[in-house]
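**Student:** Could you put together the complete structure from these sequences and hints?
Just so you know, the sequences run in chain order R and C. Take the first sequence: its letters are residues 1 to 162, numbered as in this note's numbering. Take the second sequence: its letters are residues 1001 to 1539, numbered as in this note's numbering.
A portion of the hints provided could be inaccurate.
Stated by the list, open to error - Partial pick of chain C residues on the chain R-facing surface, computed with a CB cut under 10 Å:
# : residue
1 : 1017
2 : 1226
3 : 1479
Stated by the list, open to error - Quick partial rundown of chain C residues pointing at chain R, CB under 7 Å, derived from the structure:
#  : residue
4  : 1008
5  : 1010
6  : 1011
7  : 1013
8  : 1014
9  : 1022
10 : 1025
11 : 1026
12 : 1029
13 : 1382
Read the hints as simulated data drawn from the structure, not as lab findings. None of these values were measured; they are calculated from a predicted model. Don't be surprised by glycine CBs; every beta carbon is placed ideally from N, CA and C.
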Amino acid sequence: MEHDSKTSKVKIWVTVLRVLIGWHFLYEGIVKLYNPDWTSFGYLASSQGPLKPLFSMLTHPSVITWVDALNMTALLVVGITLILGIFEKKGALVGIGLLSLYYLAHPSLPGLHQLNVEGNYWLVNKNLIELTVCILLYHYPTGHFFGLGYFRKERLTKIEKS
Amino acid sequence: MKWTRRDLLKGLGGLPILGAVWWAGAASVAYGRKKRSEILEQLNIRPSLPPTVPEITGEPVRVGIIGFGIRGEQLCRSLGFATKEWMEEMRLAAEEDPANKALEDFLSQEKLNLKLVGVCDIFDYRAEKALKSFSSPDNTIKRYRTHQEMIRSGEVDAVVIATPDHWHAPMAIEALNNNVHAYVEKPMTHTVEETYRLRDAAKASKAVLAVGHQHRQTLSFSTARDIVEKGTLGHISLIQTNTNRNDDNGAWNYDIHEQANPQTIDWEQFLGTAPKIPFNKNHFFRWRKWWAYGSGLSGDLLTHDYDRLNCVLNMGIPEAVSASGGIYTHNDGRNVPDVLQVNMEFPNFSTGSSQVKGKEKGMTFCYSASLGNAFGRPTILMGHDATMELGNRLTVWPDGASTRYAEMLEEGKMKPNVPIYQYNPAANVPDAISSATSQYFADKGLMWTYINGVRVDSTFLHMREWLSVIKNGGKVSCGIKEGFEEAIAAHMAGLSWKLGRRIEWDTEKEELKPIEGINFDEVLLSNGEWESPTENLEV
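**Tutor:** Below you can see the structure in the form of C-alpha cells.
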C-alpha cells in the first residue's frame, strides 16, 4: 500500500514535470512561430567551444532558414507531445537532441566566456538539466496516466472495470 | 463505451494547457509587434538604401597617386590595388584568425574602371614599392619626381592626394588649374587663405574635386539624416563628439623606416612652404605632430567628427569657436595638442521644435579629445524629444520630458531608458578588427558600411562616386562646399587653441572676423601656441 502511494506520487510529479517541460518548449516555439523576424543566427554565430566551426557553418544564408524552420518545428513537436501526453517518448527524444545541440553550442566549460546567461555555471547548466529531465521522461512515460495516451491503453479495461 | 468525467479530465487535460500556452505566446508576440509598429509608424524613419551611382564606362580613368604612405596605400586598395607585402601580411593574419576578412573583402571588392598610371612619392622606398606591386607587363607605372610633373604630363586624368596637410591645397589647386580631377585627403587645406584659393580654383575648373570624407557613404548617416529631418529628436541643442585613443599609432608615432635618409628622401620637397630645417626623420614620418605640416587633433580628427555631423545636419560653418587643451599625454617634442576641447556655436541653427514657437533655437557642437585614454565615448545628439547615438549603429532613446512623445510616455508605450529605434546594418556580420585605432574608426562608421549585410569599404564607395562623377557628371557628396566648411571650421578650432580666444565667423561676408594685430595664417603656421610679438617684446 505504502509502495503504491509512493509510486503514484512519483507518477504525479513526473507528469507535472512533463507538462512543465512541454510548456517551456511550446512557448519558445510559439514565440518564434509568430515572429517573422526571429532567427537563430546570433545564437549560432556567437557559439563557443570545440564545435564552434560546425555551428558557425549553420549560419550560412542558404542554411540558416532551414535551421530556423527545423528548430521551431522541433520545439513545437516537443511542446505538443509532452503537454498532450501522446508520442511523448518520441517527443522526449527530439527534446534530448535539441538540448544537446543547445548545450554544445554554448557549453559551460571553464575558461569560456558565457554569453547572454544569467547565473553562473560550471559544466552543468540549465540546458543540461532539462536534457536529463527529457531522458527521465523518455524512460518514464506518463501519457497513459494523464494525456491522450490514456485513451490508447488501459482505458477500456478501466472503463469496463468501473 | 462510456467515458466518465474523470476519464476526460485525465485524457484531455493537456488540451486546455496547450491552448493557454499557445494563446499566451501568440498574444505576447502580437502585443510586442503592435507596440513596435505603433512607435515605428509614429517615427516613420526610412532606413537608407545603398547609394547607386551611374556606371563608370568607356576608357578607364588614368589615375596617379601623390603620396604613397599609410593613407596612400589604403586609398590604393580602395581603388583595387594592394601591395604584395600587404596581401601576404593579410593572408597570414587570416590564417591566424579566420575572422580576419581584410584580404577576402579586398579580393571580392568590385573592380573599378580605372588604370593606375603613375606614382609620386618623395621617399624612394615607397615609390618603388608601388612600382613593384602595381606595374604589370601591359601597364607600366611611371614614377614622377614632383606633383607638377605628374599633373602636367598629360598622362593622368585624375590624381589622389594623400600627403601631409601643407601640400593638400597647392597640389589640388595645381591639378584643378590643369583640369585634372583631384581626390584630396582631409583637412582640405592647411591655411585660411588657401581655402579660398582652392575654392576659386574648384569653381573655375572643369575637373571634379572630391574631399576624402568617405563616411558620407555610410548608410547609417543617411538614415540619421532622415531621423533628424523627421523631427524625431526635436530641437537638438547639444552634440557631443569625441576622440579617445591611447596607443602610439593613434598618437601619430608611426614607425620610422630603416631606409630613410637624406639620399632616399627628397627633404627639400617635403618641406615645401614649411620652415627650412635640417633633415629630420621624426618630422618626415610623424608629420601630424607639428603645425608646420599637419594640424593635430583639430585638422586630423575633429574634421571627421565635424563633417560626420555636417553630413547629417548640414549646419555649416560655426559662428564662433572656442578651444582649449594642451600637450598632456605625449610630451615628446610635438607642438600640436594631444588633449583638446572645442566648442562650436551655431546660435541660429535649429532642427525643428515640438514646443512653442521661438522657445528653442541654437546649438553647441562639442568636440572632446584625448590621446591618453581609449574609453569609447559615443557620439551623441541631444534633442528635446530624444537622444541619438550615432555610429555605424544608430540608437534613439526618447527623452523623459519630451513634448512630442508625452502621450506615449504617459501610456507607458515608450520608456526613457528603452530605445525606440535601432539601426544596425552590421548585426549579422561578426568580425575581428585588428587594432585599437581601426576599431576607433570602425565604431564611428568611418571605415566601412554595410549593404545588405555585406561589409563594404566606405572609401571604395567614396572613390567610386568620384570616378562616376568624372565620367557621367553629377555631384560628389563631399565637394568644395563641404570641404570649405570643414576646413574653415578646423582652422577656427586651431586658431582658437593657439590664440586662447574665441574665433568668430562673419556669415554675411563669409570670412573670419578680424582680430586686430593678428594674421590668422601666420598664427596657424607658427609652431606651438602663439605668443604675440608685443608680448615677446615685453618679456
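**Student:** Would you mind marking each hint as holding or not holding in the structure?
**Tutor:** Do the hints match the structure? See the list:
1. For residue 1017 of chain C, the suggested interface contact is upheld, since its CB lies about 5 Å from the closest CB of chain R, less than 10 Å.
2. Given the 10 Å rule on beta carbons, the hint for residue 1226 of chain C is violated: about 21 Å separates it from the nearest Cβ of chain R.
3. Among the interface hints, the one on residue 1479 of chain C is violated; its C-beta lies about 37 Å from the nearest C-beta in chain R, farther than the 10 Å criterion.
4. With a least beta-carbon distance of about 9 Å to chain R, the hint placing residue 1008 of chain C at the interface is violated under the 7 Å criterion.
5. For residue 1010 of chain C, the shortest C-beta to C-beta distance to chain R is roughly 5 Å, which falls under 7 Å, so the interface hint holds.
6. Among the interface hints, the one on residue 1011 of chain C holds; its C-beta lies about 4 Å from the nearest C-beta in chain R, closer than the 7 Å criterion.
7. Nearest Cβ of chain R to the Cβ of residue 1013 of chain C: about 6 Å, under the 7 Å cut. The hint holds.
8. Checking residue 1014 of chain C against chain R: minimum C-beta separation of about 4 Å stays under 7 Å; hint holds.
9. The closest approach between the C-beta of residue 1022 of chain C and any C-beta of chain R is roughly 6 Å, which is under the 7 Å cut-off, so the hint is satisfied.
10. Interface hint status for residue 1025 of chain C: upheld, as the beta-carbon distance to the closest one in chain R is roughly 3 Å, under 7 Å.
11. At a threshold of 7 Å, the smallest CB-CB gap from residue 1026 of chain C to chain R is about 5 Å, leaving the interface hint in force.
12. The interface hint given for residue 1029 of chain C is met, as the beta carbon of that residue sits about 4 Å from the closest beta carbon of chain R, less than 7 Å.
13. A least Cβ separation of about 30 Å between residue 1382 of chain C and chain R goes past the 7 Å threshold, and the interface hint is therefore violated.
Violated hints, in rising order: 2, 3, 4, 13; the structure is consistent with all others.
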